[in-house]
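Protein chains in written order, with the numbering used here: chain B, 3 to 334; chain Z, 906 to 1228.
Heads up, some of the hints might be wrong.
Restraint-style ranges between C-beta atoms, simulated for each label pair [to be verified]:
{"#": "1", "chain 1": "B", "residue 1": "Phe304", "chain 2": "Z", "residue 2": "Gly1058", "range": "28 to 36 Å"}
{"#": "2", "chain 1": "B", "residue 1": "Phe309", "chain 2": "Z", "residue 2": "Val1110", "range": "47 to 55 Å"}
{"#": "3", "chain 1": "B", "residue 1": "Ser227", "chain 2": "Z", "residue 2": "Asp964", "range": "57 to 65 Å"}
{"#": "4", "chain 1": "B", "residue 1": "Glu287", "chain 2": "Z", "residue 2": "Glu1209", "range": "41 to 49 Å"}
{"#": "5", "chain 1": "Z", "residue 1": "Gly1134", "chain 2": "B", "residue 2": "Asn132", "range": "38 to 46 Å"}
{"#": "6", "chain 1": "B", "residue 1": "Phe304", "chain 2": "Z", "residue 2": "Thr1087", "range": "36 to 44 Å"}
{"#": "7", "chain 1": "Z", "residue 1": "Asp964", "chain 2": "B", "residue 2": "Arg11", "range": "31 to 39 Å"}
{"#": "8", "chain 1": "Z", "residue 1": "Ala1094", "chain 2": "B", "residue 2": "Leu288", "range": "53 to 61 Å"}
{"#": "9", "chain 1": "B", "residue 1": "Ala187", "chain 2": "Z", "residue 2": "Tyr1086", "range": "53 to 61 Å"}
Covered stretches of chain B, going by a simulated chain Z footprint (3 or more residues, C-beta under 8 Å) [claimed, not checked]:
{"#": "10", "region": "72-78"}
{"#": "11", "region": "100-114"}
The hints are simulated quantities; they were obtained by calculation from the structure and are not laboratory data.
Computed from a predicted model, the values in this text were never measured in an experiment.
Ideal Cβ positions, reconstructed from N, Cα and C, are used throughout, including at glycine.
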Amino acid sequence: MAETENGKRELSYVLAVKEAVETILNEEPDAFVAGEDVAGAGSVFGIYRGLLDEFGPDRIVNTPISEEGIIGLGVGAAAAGLRPIVDIMFMDFLGECMDEVTNQMAKMRYMFGGRATLPITITTMCGARNSMAAQHSQCLESWICHIPGLKVVMPSTPHDAKGLLIAASRDDNPVFVVMNKASLALTGEVPEEAYTLPIGEANIVRPGTDFTIISYSRMVHESISAAETLAEQGVDTEVIDLRSLQPLDTDTLVASVEKTHNAMVVHEAVRFGGMGGEIAAQVQELAFDYLDAPVGRVGAPFSPVPFSPSLEQSFVPNADKIVASATELLGL
Amino acid sequence: MATQPTDEVLLDIHRRMVRIRTFEDEAGRMAENGFIPGALHLYVGEEAVAVGVMAHLTDEDQITSTHRGHGHLIAKGGEFDRMFAELFGRVDGYCKGKGGSMHVSNLEIGMLGANGIVGGGPPIAMGAGFANKYKKNGNVAVTFFGDGASNEGAFHEAANMAALYKLPVLFVCENNGFGEYTPQRDHQAITDVADRAPGYGMPGVIVDGMDVMAVYEAAGAAVERARQGDGPTLLECKTYRFYDHVGRRGMGRTYRTDEELAEWMKRDPIEMFEARLAEQGVLSADAAKEVHEEIARDVEAAVEFAKASPMPDPDALLDDVYA
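Excised from the complex, chain Z in its bound form (with noise of 0.2 Å):
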């Protein structure tokens, strides 16, 4: 897997982060407008922890996601007009209005919820593995969870069972230092959550989460070991919050300090990966500015078409309780 990445491959990865960091300002501003109903988790600041390992994936792997799962969903092909739809509640979005940001989702490509259980996902995401181990399909399943989540024994039986069975999962933890609002360092004794996959008879690997790069060679190899039928790794992913835990600001909190939150945002995994371009020659700053332009621009007529896009008729409330 050491194989350098291609230009193309490149470009859609630098692609993928500032969709993901365009649709979520604009989400939290359209929040902050009253558009969107409900608790809202941006996913801003983590970008090259879900693009570093999704552009390993097809549509027909799956994934599992938390409660800040936008992020999860655009890296796997989900559509801004949907996902905009879905967050305003709207008949047009990806659940019919049913789920919202906790719950968007799009099985027809392999994304099986964000989820607003903490430690919700890896349990299922070991289902979907065994399913896949059980059809021999060659398909992996990844579930993305937080520093906090490891300390649910929700974690801990997936870890357990994923590896006894040697199933096809990559267990990736964005460990963004903090469990809401906790930092890690009073929600657990250990500073590196991969130094629990021995525990589980498991490769545990470190990466930097801001370097896109660093996730990207990481994840290959853990998602070429799954689909050899070598079973589960966890992968480690360093990263940080730009924002609070729920919405927008970020600055002037209590739970964290500002030089904190400056020194991490000086390590911009967008900015980063663009300047790595830049000096590679594979893009240029003024092309780089044309994809945020045209991204912004695809934010914007996704809003309008959410905007459009009718609430639920309230007969609708009991639909699809049932199969």
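Chain B with its partners taken away, still in its complex shape (with noise of 0.2 Å):
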């Protein structure tokens, strides 16, 4: 924690999360964190250090490694009127929960007429970093954004986390919050008070009139990076951080594509078969006469996540390439 020169406070990821989690914990009497070490470790990301101290053993609850098991914890004290956050360490490991998460928890309250409200956070990591490989690495959020009753956020800096966090526990349906490993030592300002930010609005992280690139978690600071470079070649490029996968704010990425005729979607996660697809196509289907190119798509090679270094960092997409896709989609 630090004191900027303006006077506002400055937190890491970890922090602002943890932050979060204690505001939601204070505020809400039946809601609670369950997960694979997430007590005497505080996580194995930090995210929830410190909070046994502050909460106990019954509201910060160390799982066995069963992640079934924890969805279902999460699921049927939902069902019974509590509001869990619960905690799948890695996002790869989704497929060991997915029955709980596509057939339970997504559907149960449309299957039951809406009579039942499944409030659930469920907070995970995903990215590839550190050379932890091909089963911890992977970034898998069009499984989930796939399941309709699922909502599905990305906060890519400090300040977003905490708002979307506490939005999510705020929420009455099961929200997915999303966290690239990558982002975690990223610091900024967050402030002190509880606040929200709206799931399902993006945010316009740089204003531009020349070109649009769509992105959200890790991958809207290589964006960024990418328009900085941009701008030197006479592109003034908008950078659209779309915060909520689940739902799109469609609106955003049709008025920013309505000003500069371009867009390019930019994510971590495998490009075939990735978000970029959906929302190339709902841009295309929205905005297809305002459009003077297709839309770009930027995203990882179809590979497993590699272990080397220098494999890792050729897999992970970076300003470079957006750079270099960008040229080409423009024909610069």
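Assembling the complex is the task here: the two chains are given apart, and the hints tell you how they should meet.
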């Protein structure tokens, strides 16, 4: 934690998440946290560190390594009136609990004719970082965005992480809060008071007039960096941070494209079948007449995430690759 | 819990079993007559399990059910008219026609849903048990599942966590000898699912699932144990499915012999209980017949209610995807 020159407080992403959870647990007695190593270790990523001392083992609940049980714990507890925050340590472990996610949690309200309410927040980590290799690095958001009944947010900054996490906990639906491991060390301005960001609204992080980059999570930062380079080449680039993938704020995307006439989606997930395809299709359906070229897509190649640092680096999209794709798309 | 149930309790148990049997037979006929779309899994033969357990529960206690779930809802207090309407896909159904047979539910009486996924229920009941312990409300969560579901990872994770946290949960295995059409000997190397209980650190109890009083007594002890904060129990009830995995018929199938089915049907849970009630002077054969007739009239009225209920408006398609 540090004070900036103008008196605003800076916080790391990890501490912003922790502060959000503190806020939630202080204001909502029915909220608790459950997950692998969330108690003693405060999660292997430190986002819950210190909360055990503050709230005790009844509310910061260590679980066995049992992802299906963890989601089931959340579903059953929510159906019985609590507001659980459950943690799936790595997003890759969704494979262990996809029935409870897809067939139980997402559908219970609809299947029961609206007579069940499941206010569950699911925190999890995505992203290739520090050679965690093929089973601890994936960005699998397209899996969960495809399932009606789930909401999905992917905060890119400490500020957004706090605001979206508190919003998720107050939402009466299951909301995934997917964080990128590479973003955890980021610092940024985070107000001390409780605040929420609306789920389903995108954020224009860099206004521009010539070209739109639509991104989210870690790739927002690479996109901003790419936009600076493009600006030097005379392309005034707008960067939109979606913040929320489900629901998707198409209004903001269409308004931007009406202005810039060119757009590209940038994400870390594998490009094939990734969210970029859906977003590009929607923008083309809604704003075809405004587009000068098909909506571009930048994502990881169709490969498992490699181990070796050099290979991992070449797997993950970055500012240079974004600039190269944009240059090609714009015919520069 | 060894106290002798009153006549009132015995008659209530009898009535609940007859309600399940009568409902299910009519549901089978209605499916054959084209009124019930989709898959229909009937509970006939297994009534003693749901009723023997549910006799100990209040509306605040929760249950999770299975794809064969009508019996659980009826035993928990579900209404025939809303249930038939749901099975018919009508707007007055418990789920407004959105769920059907495999998802029929009523959270107001703690019935957290039939479940189309084998093994889907135990983790949810474990979670409800967690909520009960968190709120210190003294409620118990019961999960019904079959011998087939006892091979699903979800069951094992839920059992381990329920025992670890000493949750007020009761695991009721309805061992009907088949996972769909596969006999138990071909889907697990054990005969008694209760053998798995010590592996999780909870007691395992085996009872005759055709004898409703045996289920009642064992379930009473397990529910009491859970309410006292002593943790979960795995209660295995040996039972049998008189009809097929889907729909009625039952006889003349290749996956089991008619002789085996006939042997089990000799131990019909309702007939056995009625014989006992007559012998004890609690309910005469004539009085039992009246109960059947009265419930048959209730079923008939409920079917008429369901037939008169409209199909959901197409505009309702997207309602309740989100809160």
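Now for the hints, and whether the structure bears them out:
1. B:Phe304 - Z:Gly1058: 28 to 36 Å: Given about 30 Å between the Cβ atoms, the range holds.
2. B:Phe309 - Z:Val1110: 47 to 55 Å: Holds, since B:Phe309 and Z:Val1110 (Cβ atoms, about 49 Å apart) stay within the stated range.
3. B:Ser227 - Z:Asp964: 57 to 65 Å: Holds - the Cβ-Cβ distance for B:Ser227 and Z:Asp964, about 59 Å, lies within 57 to 65 Å.
4. B:Glu287 - Z:Glu1209: 41 to 49 Å: For B:Glu287 and Z:Glu1209 the Cβ distance comes to about 47 Å; the hint holds.
5. Z:Gly1134 - B:Asn132: 38 to 46 Å: holds, 44 Å
6. B:Phe304 - Z:Thr1087: 36 to 44 Å: About 38 Å separates the Cβ atoms of B:Phe304 and Z:Thr1087, which means 36 to 44 Å holds.
7. Z:Asp964 - B:Arg11: 31 to 39 Å: violated, 49 Å
8. Z:Ala1094 - B:Leu288: 53 to 61 Å: holds, 58 Å
9. B:Ala187 - Z:Tyr1086: 53 to 61 Å: holds, 55 Å
10. 72-78: This one holds; 6 residues, not fewer than the three required, reach chain Z with a Cβ under 8 Å.
11. 100-114: holds (count 9)
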